[in-house]
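2 protein chains.
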Amino acid sequence: MNFSNRIQEMNFSPIRKLMPFADAAEKKGIKVYKLQIGQPNIAAPDSFFEGLHNYEGKIIPYSDSKGILPLRETFSKNYKKYGLSMGVDEILVTQGGSEAILFVMMAICNIGDEILIPEPFYSNYTSFTCFAGVKIVPIPTKIEDDFHLPNMEDIEKLITPKTRGILFSNPVNPTGTVYTGKEIETIGKVAKKHNLYIIADEVYRQFIYDESIEYTSVAQFKELENNTILVDSISKHYSACGARIGSIATKNKELLGYFLKLCQSRLCVSTMEQYAAANLINTTGNYVEDVRLEYKKRRDLMYGYLQNIPGVVCPKPCGALYIFAKLPVKESEKFAKWLLTDYSYENKTLMVAPGPGFYQTPNKGTSEVRLSFCISEDDIENGMIVLKNALEAYKNIEDSI
Amino acid sequence: MNFSNRIQEMNFSPIRKLMPFADAAEKKGIKVYKLQIGQPNIAAPDSFFEGLHNYEGKIIPYSDSKGILPLRETFSKNYKKYGLSMGVDEILVTQGGSEAILFVMMAICNIGDEILIPEPFYSNYTSFTCFAGVKIVPIPTKIEDDFHLPNMEDIEKLITPKTRGILFSNPVNPTGTVYTGKEIETIGKVAKKHNLYIIADEVYRQFIYDESIEYTSVAQFKELENNTILVDSISKHYSACGARIGSIATKNKELLGYFLKLCQSRLCVSTMEQYAAANLINTTGNYVEDVRLEYKKRRDLMYGYLQNIPGVVCPKPCGALYIFAKLPVKESEKFAKWLLTDYSYENKTLMVAPGPGFYQTPNKGTSEVRLSFCISEDDIENGMIVLKNALEAYKNIEDSI
Chain A
118 MNFSNRIQEM
128 NFSPIRKLMP
138 FADAAEKKGI
148 KVYKLQIGQP
158 NIAAPDSFFE
168 GLHNYEGKII
178 PYSDSKGILP
188 LRETFSKNYK
198 KYGLSMGVDE
208 ILVTQGGSEA
218 ILFVMMAICN
228 IGDEILIPEP
238 FYSNYTSFTC
248 FAGVKIVPIP
258 TKIEDDFHLP
268 NMEDIEKLIT
278 PKTRGILFSN
288 PVNPTGTVYT
298 GKEIETIGKV
308 AKKHNLYIIA
318 DEVYRQFIYD
328 ESIEYTSVAQ
338 FKELENNTIL
348 VDSISKHYSA
358 CGARIGSIAT
368 KNKELLGYFL
378 KLCQSRLCVS
388 TMEQYAAANL
398 INTTGNYVED
408 VRLEYKKRRD
418 LMYGYLQNIP
428 GVVCPKPCGA
438 LYIFAKLPVK
448 ESEKFAKWLL
458 TDYSYENKTL
468 MVAPGPGFYQ
478 TPNKGTSEVR
488 LSFCISEDDI
498 ENGMIVLKNA
508 LEAYKNIEDS
518 I
Chain B
118 MNFSNRIQEM
128 NFSPIRKLMP
138 FADAAEKKGI
148 KVYKLQIGQP
158 NIAAPDSFFE
168 GLHNYEGKII
178 PYSDSKGILP
188 LRETFSKNYK
198 KYGLSMGVDE
208 ILVTQGGSEA
218 ILFVMMAICN
228 IGDEILIPEP
238 FYSNYTSFTC
248 FAGVKIVPIP
258 TKIEDDFHLP
268 NMEDIEKLIT
278 PKTRGILFSN
288 PVNPTGTVYT
298 GKEIETIGKV
308 AKKHNLYIIA
318 DEVYRQFIYD
328 ESIEYTSVAQ
338 FKELENNTIL
348 VDSISKHYSA
358 CGARIGSIAT
368 KNKELLGYFL
378 KLCQSRLCVS
388 TMEQYAAANL
398 INTTGNYVED
408 VRLEYKKRRD
418 LMYGYLQNIP
428 GVVCPKPCGA
438 LYIFAKLPVK
448 ESEKFAKWLL
458 TDYSYENKTL
468 MVAPGPGFYQ
478 TPNKGTSEVR
488 LSFCISEDDI
498 ENGMIVLKNA
508 LEAYKNIEDS
518 I
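For the record, the sequence lines run as chains A and B.
Heads up: the first sequence begins at 118 in the working numbering, then just goes up one per residue.
Heads up: the second sequence begins at 118 in the working numbering, then just goes up one per residue.
Calculated directly from the structure, the hints in this document are not laboratory data.
Any given hint might turn out to be false.
Given that identical chains are not distinguished, each listed pair holds provided it fits within a single copy or across any two copies.
Unchecked claim - The list that follows gives simulated cross-link-like pairs (lysine-lysine, BS3-like), each with its CA atoms no further than 27 Å apart: (1) K279 - K252; (2) K443 - K134; (3) K451 - K413; (4) K512 - K194; (5) K148 - K183; (6) K134 - K144; (7) K512 - K370; (8) K175 - K151; (9) K433 - K512.
Using the sequences and the accompanying hints, generate a full structural model.
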């Protein structure tokens, strides 16, 4: 039987393809610290479960393709907390941030069109562009610059007649970089000048750890209203990755109309999870701030350990849930596999996400890894002790692997 | 700003585009009987809600991209009830049957490839093929033949070097036709001879009303194992359309591997709804059979009324939740709109799904409508009374509209 070219070309998730090796290590009785994935371990707020349990319907009907109104209201009110104005009719609920990105690609790009993305970037962007037949053109960023953006001219050099938009996460997954107001303005200028969409994936908006940083969203700029598409998700903010509740928001009315076609094509987003998420607006206490402070503590802990491992280089991430570190290894993919198949320290090992999975450009990120600090402090400490010992052991044998 | 060609070409859901007119009628105080959509009104089983409420986790984590194991077990056991053997490793949970169809298109077709579909067909198939850049080649069926399939030669005439598969629902949405064993064998022969996939959308499997009909699934034929892809959903069986829980099942291992890439790209299906659906295996009593008998009663009721409306022609549907009827009107689209904007009988009107929405071929189905009988008996009776009076009123004024 035949298979499509696109499905053969699509990559297996680079983060998930190490999973069988981790499973095998666990079967051998080795404790595996999982630093490869952004799976928060902080309890979701009670409001989520209350929203679920308070559902009184006897059937689970198709809901509004746009998303249930109470959930769009919750998203709208949440934007207001961050100084962003998005009305309920400017927001569409999506099946996670993933569907939001896919819908954007489908709506703004023809087959073969191009999207600029600062590199390294969230590896799943590649899946959505592959789905939509869109070519990613990376905007290179460097560890020496803390992964900040190049200047306007360097970005403009990458633009061709096929360029349709600039997609970026901010705070950045995988580097934790938070773009400055000036950088966001630069992106805006480029987009305005070349008639490009700006797709801002702000699913880590709440996770900025340094009070000196003033967060700037592209959605603050009125003159960019028609260019701007905000992508959001409750996944990380509320430890609800598995709920698959995200959103697209834009003030571009024509574009909203087109997104609605896509929403209608899949009928609706999971109804029960929408009721659960809508009730997040009733979260009590300082949940969001408490979570931020907890992750800040974990970032500091992991960063502190990494500073003391010889040969490790990493910027201190200002946001998100990850540290993107350069390790004293030649190929982080080999190292990541070796950790699971051949190494343990006091019967413990760890799983990391190899750098090349976050690059499209060949031979980039070969010594880098993404480490997630959304696990417990104990796990971070143990993981870092294993990493230090593993790197010591590895340097003597690397060339023979 | 620019929009993609595909998004501009994509249709708004023909069923949903009448919605604003229905809303306006309701605002005027008119009762609108909604026969246009397959939204069951029978209570979902308690087991669904128990599955939801019994979830004891404190976070909502990403779940297995394949779907949680207990849910794949539930699907597998359910197949066994229908004499079909699909193991847990041959089943992938999808975000509704919708995502399953989309994944199939992405995995087996290149841009521009062709899929045969008996016409009339479920209108959303067009959205998924449009998404994937796939061309639908309709296999014509006729109301006079109760929408059964043409013979093998006539199907083969439609095959080109670009044909990749045959997609059909069985029982058929929108006609209620149930294909005979011989028809399924014919499809199998065509597929085998021309190396095509068979995509059997069996989401209405349980709704066959005539005991004399022996249900035949393409998945019963061992020699077609590598060609066959089953698409399923809990939506209609368990009044859980909004849960968006579906599945792909196939014994083609290579294809399963490719589907897994697509599953990984969107991380997972909504976790909470998966736990709810997994517990459907613990449904007590004769839920499934009771529901079938209830819909059988409703089918008989609606069909009886339609037989007594002058000029209405329709086969008695053997399965699914719809009657596809030819009305004594020239353009069912105009009629459907008129019902909502200009007509009421004792302050009541109805909403129907116009026939052309189920055809790709231009000028087909112009007098036809799809009527859903998954609403209450009262609503069916009232709806049919309104329809009878509306048709009488319409014949005098049709030419002036």
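Hints and how they fare:
no. : hint        : verdict
1   : K279 - K252 : both (9 Å within a copy, 25 Å between copies)
2   : K443 - K134 : within (21 Å within a copy, 53 Å between copies)
3   : K451 - K413 : neither (30 Å within a copy, 61 Å between copies)
4   : K512 - K194 : neither (52 Å within a copy, 51 Å between copies)
5   : K148 - K183 : between (44 Å within a copy, 24 Å between copies)
6   : K134 - K144 : within (17 Å within a copy, 54 Å between copies)
7   : K512 - K370 : neither (57 Å within a copy, 40 Å between copies)
8   : K175 - K151 : between (40 Å within a copy, 19 Å between copies)
9   : K433 - K512 : within (25 Å within a copy, 76 Å between copies)
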